[in-house]
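So the chains spell out like this:
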Amino acid sequence: MVAENVAFWIIAVAMAAAAIGVVRSQNVVHAALYLVVVLAGAAAQYILLAAEFVAWVQVLVYIGAIVILFLFGIMLTRAPMRGDTELDNDQRWVAAVTALFLLGVLVFLLVDAFGDRSIKVDNSLRAVGLSQNVADSIFRTYVMPFEIVSMLLLAALVGAVAIARRD
Amino acid sequence: MQLNQFLLLSAFLFCTGVYGVLARRNGVLVLMSVELMLNAVNINLVAFSAFNHGVSGQVFALFVITIAAAEVGVGLAIVLLIYRNLRSPDLDQVDQLKG
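If you read the protein sequences in the order shown, they are chains A and B. Each residue of the first sequence is one higher than the last, beginning at 1 in the working numbering. Each residue of the second sequence is one higher than the last, beginning at 1 in the working numbering.
By construction, these hints were calculated from the structure, which means they are not laboratory data. This structure is a prediction, so every number in the text was calculated from the model and none was measured. Heads up, the beta-carbon is just placed ideally off N, CA and C, and yes, glycines get one too. The hints are all genuine.
Under 8 angstroms between C-beta atoms, here's a sample of chain B residues computed to sit facing chain A: (1) 9; (2) 59; (3) 79; (4) 81; (5) 83.
Computed spacing ranges between beta-carbons, pair by pair: (6) A:165 / B:53: 46 to 52 angstroms; (7) B:53 / A:30: 39 to 45 angstroms; (8) A:127 / B:98: 53 to 59 angstroms.
From just these sequences and the hints, can you work out the full model?
Here it is in C-alpha cells:
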C-alpha cells in the first residue's frame with residue numbers, strides 16, 4: 001500500500017513537471033518529448049489502478065501512433081526548432097489566470113466531494129480489471145458504441161486524407 | 001490509495017492543457033495541449049472505474065483514446081492546410097473571417 005503511494009507520487013510529480021514542459025517549452029520537438037513522458041506516466045498510473053489493457057493501449061496508440069503523427073506534423077509544418085520565433089501569444093497571462101482559477105475551483109470541488117473516498121487495489125479489483133472482462137464489456141454491453149466509434153474512425157481518416165491532399 | 005490523488009492529478013493536467021490551448025500560437029502545440037486534456041479525462045475515467053470495481057470506465061477510456069486518435073489525424077490535416085495556405089502554422093494569422 002505504501003509502495004503504491006510512493007510510486008504514485010513519484011510518477012505524478014514527473015507527469016506534472018512534464019506537462020508544464022509541454023506548455024512552456026520553446027522548442028517544439030522538446031514539447032513532443034515531454035508529451036511522451038506525460039503519456040507514459042498515465043500508462044503507469046493505469047497499471048497502478050489494475051487497468052492493464054488500457055495501459056498497453058495507451059502505450060501503443062498514444063506513444064506509438066499519436067506522438068509519431070505529431071512529429072510528422074512538426075516536420076511538415078517546418079516548426080521553429082531553435083527558439084528564434086515566439087511560440088506563445090500575447091494572452092498568456094490571461095490564460096495563466098484562467099487556468100489557475102479553474103484549478104482552484106476543481107481542487108475545492110474535488111476535496112469537498114471526494115475527500116474521504118479511497119480506492120482499494122486488492123486481488124478482487126485485479127480480477128475485475130482483467131482484459132477478458134474488458135473485452136466482454138466492449139462486445140456485449142457496449143457493442144453498439146464500439147461499432148459507431150469504428151465508423152467514426154474510418155470517417156475521420158478519410159476526412160484527414162481529403163483535407164490534406166494536394167490537388 | 002485515495003481516490004482524490006488521481007482526481008487532483010487529472011485536474012492539474014487538465015488545467016495545464018487549458019493554459020496551453022489558450023497561450024500557444026503554434027497549431028501543433030495547441031493539439032498537444034488538447035491531448036493533455038484528453039489524458040486527464042482518461043485518468044479520471046480509469047480511477048472511477050477502479051473506485052466502482054467495474055470495467056465500464058476502462059471501456060470509456062478506450063473510446064476516448066480512439067476519438068483522440070481520430071481528432072489528432074483531422075487536426076494535423078487542418079494545421080497542414082493552414083501551413084500550406086498561409087506559409088506559417090501560426091494560428092493568430094487565421095483571421096480571414098474577422099470583420
